Amino acid sequence: MVGGWHGKAARLPAAPDRADYPYVTPSAPAIELRSTGRNFGTRVALQPLDLAVAPGEVFGLLGPNGSGKTTTLRILATLIRPTIGSASVLGHDVVAEAMEVRRVIGVMPEKPSLYERLTIRDNLSFWADAHAVPRVDDAIARALEFVGLGGRAGERVGELSKGWRQRVSLARAIVHQPKVLLLDEPSSGLDPSAATAMERMIRELVAGGSTVLMNTHRLAEAERLCDRVAILRHGTLLELGTPRQLRNRLLGGVVRVELAAPPDTRLQHAVESLPGVAGVDWTGNGLLCRVEDAGRDTPRLVSGLVGGGAQILSVVQAGDLEEAYLELMARTETAVLEAAA
Amino acid sequence: MTAFPIAPPVRALVRKELREYRHHRMIVLTATILPIVFLILPMANLALFDPDRSVGGTNLAVGQAMFCFFLSPVIIPATMAAFAVIGERDQGTLEPLLTLPLTDRQFLAGKVIAILIPTIGASFTIYTAYMLFVLLAVHGPVREPVLDWTWPMGFVLLAPALAAFSTLVGMAFSARAKDIRVAEHLSGLVLLPAMLPVMLVVTRTIPATPVTWLVFVTAIVVLDFLLWRMALRAFDRERAISAV
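Top line first, the protein sequences correspond to chains A and B. Sequential numbering of the first sequence, starting at 1, is according to my numbering. Sequential numbering of the second sequence, starting at 1001, is according to my numbering.
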């Protein structure tokens, strides 16, 4: 199933782990790209990409500027057509059934893109009316309440701060209660507290049954929020998987363990001989352990330590998605330079 | 507004456009000052008319006055039409707007209807005011030619067709041009020569008869239809957002 859904991903080295793919189910995907590619003249913006996002999943597209993230989002939003391949949202083809797609998606562009001369209510009522939402006033009140702008419907958008405009933009995207949300840099330019609020709102939308595909440069946010991420560069899919899988693949699964007391030699030997442990650096009251698969081997390591009489204060996986991302960027940069040489 | 027999998304777009116009200084100025000027000029022309010193006589004086009224549905929509697509793109709202469940036809129809409402409204208002002014305050040799029923007939038939013509020309350029001013200038280049037949009637080179008006209206409606097709063809979503 995984290989079928992610043709490109099938060439990646990591073995599929069912625990890491809770969203890959036999049910129809909410979003599907089938060898979807896009050229602008002679420039290739997106190499043929195979991707499937399951209903209720939060999927993150990561990558540097010009990597094809926005092109992917625009294809799904029916703004541009794929040059090759096809794409669908909730089973509707983005080209042949563009109107059906537009009815089921909510789009939040990177910039708030609101009518600044109009009030918040006017902006939202336009969207609700265009989607033929019944009881528009209730829908607007519900959307504004959700984004924390209840009671401010009469304010002019042009007078709002960037953070509030982003909230209005999200309210506009959800006012017709779409099943699929396409978010382009939802927390772009927001201060940490506003970004955290945006993250919370996205999480609540997913809890309510929405499927989210988002572009982001905020890797910590992607790690917390996304069930799976795809990393693109120069229009090519480099990696796809859960944030944990990507960390494991790219950083080698390093686990840092802090102990209450320095380990004795017997414990050290016991740990080093555990299956899946590739190497251990002992550091005073702790250890830095390289395992083959952090998801599979960390519980075994903890059991081995406890069984050997150690008292564990903390266990953390070394490295985060940001480190994994930077590692991948460095590797591909090197590969490009070598190819050029 | 709810009385419109049009699809909800189009109705929503029309309503949004009208709300935006009310808050857009340039559009408000165009839609208010121009009609006032087009009303004052003919009224002054008639009020100050002196048959002894007039070169062209009463018919030319009346024709000159009517030219202002025929010009208003052409000039008033120019700014709004040029703003229609490029304006959305410049303020960054085109991209989300195009993700709404609107076909290209509905998108352009919403824009055209929203421009025609204030244009025809303003044009008919100033013409009605002008006729009331003539009925109540104008006496002498110009009164009868102004009240000749062929003029109101010509205006009622031609003004909406001319407004649609001007709007569609502006929309076609707005869908393709990169800048609002470029769209306005290009529209002007097309619109002014198109006023030549009207000019021939108001100067009495061609008589202002019902047949003349019917021929003109038929020709302009055909042109409107062709322009609608052209505007639809000129509007390309990808091209429209490419400059975002």
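In short, the hints are calculated from the structure, not lab data. Quick caveat, the model's predicted, so the values are computed rather than measured. Just so it is clear, CB atoms sit at the ideal spot from N, CA and C, and this is done for glycine as well. Please note that the accuracy of each hint is not assured.
One-sided excerpt, in silico: chain B residues whose CB lies under 10 Å from chain A [said to hold, decoys possible]: (1) V1010; (2) L1013; (3) R1019; (4) G1092; (5) E1095; (6) P1096; (7) L1098; (8) R1181; (9) L1191; (10) M1195; (11) T1203; (12) P1207; (13) A1208.
Original post:
Looking at the structure, which of the earlier hints fail to hold?
Top reply: 8, 9, 10, 11, 12 and 13
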